[in-house]
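Enquirer: Listed below, chain by chain, are the residues.
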Amino acid sequence: AQSVTQPDIHITVSEGASLELRCNYSYGATPYLFWYVQSPGQGLQLLLKYFSGDTLVQGIKGFEAEFKRSQSSFNLRKPSVHWSDAAEYFCAVASYSSASKIIFGSGTRLSIRP
Amino acid sequence: NAGVTQTPKFQVLKTGQSMTLQCAQDMNHNSMYWYRQDPGMGLRLIYYSASEGTTDKGEVPNGYNVSRLNKREFSLRLESAAPSQTSVYFCASIFRLAGDEQYFGPGTRLTVT
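Residue numbers (the working numbering), protein chains in the order written: chain A, 1 to 114; chain B, 115 to 227.
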């Protein structure tokens with residue numbers, strides 16, 4: 001069965017430090033992969049997506065993610081975080097063919113230390 | 115474009131009451147979705163509509179019904195609300211699954227007492 005695991009429930013990093021949020025998926029075929037961000041009280045906004053091609057994907061707000069098929073991972077990175085990056089981050093995986101097969105991870109809450 | 119809109123933003127119900135959450139999108143998207151978000155559980159799919167005129171159950175459909183009124187609108191109904199349905203509900207839409215991402219509404223925070 002498809003699944004998405006975000007092993008870190010809560011991460012705190014200092015402003016200006018680098019960030020990596022982990023995402024592992026279980027899926028039988030090549031998936032579509034997404035990272036979304038949710039600020040408090042808001043809906044979800046797409047940061048980046050991977051469908052095919054270059055395995056290093058650039059997104060908005062200075063984020064990037066790398067698809068590693070051998071590790072079934074799609075980790076999100078940012079070289080230098082800003083206080084405004086404090087939010088909840090969700091990884092998601094989707095099927096090519098089925099509209100119902102969009103699975104979200106349980107999320108990682110990011111806090112920024114001044 | 116307003117994107118995906120949801121009404122109401124907040125709602126408090128008593129156990130056993132009914133209500134309908136409304137969702138509309140103006141992006142000519144084909145598929146629409148209802149999710150619920152609970153702490154530590156991410157988003158769980160309640161129902162979806164792959165195209166106008168079709169609806170299907172997702173992961174947690176019990177206690178809910180949906181109507182795809184037309185291509186723009188997709189409503190979620192709670193016939194007899196229960197405290198376990200206290201959650202934040204998100205509507206989302208997508209033009210086509212192969213190559214697009216979902217667009218989300220701002221959410222409805224529902225409390226059932």
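Calculated directly from the structure, the hints in this document are not laboratory data. Warning: the hint list may mix true and false statements.
Listed next, the stretches of chain B that the computed footprint assigns to chain A, with coverage defined by at least 3 CB atoms under 8 Å from CB atoms of chain A [unchecked claim]:
(1) 155-168
(2) 218-224
Label-pair ranges, simulated between beta-carbon atoms [what the hints assert, rightly or not]:
(3) T168(B) to R69(A): 31 to 39 Å
(4) S3(A) to P122(B): 30 to 38 Å
(5) A196(B) to D54(A): 41 to 49 Å
(6) G16(A) to L183(B): 43 to 51 Å
(7) R158(B) to P7(A): 14 to 22 Å
We put the beta carbon where it would ideally sit given N, CA and C, even for glycine.
Enquirer: Sort out which numbered hints this structure fails and list those numbers smallest first.
Expert: none
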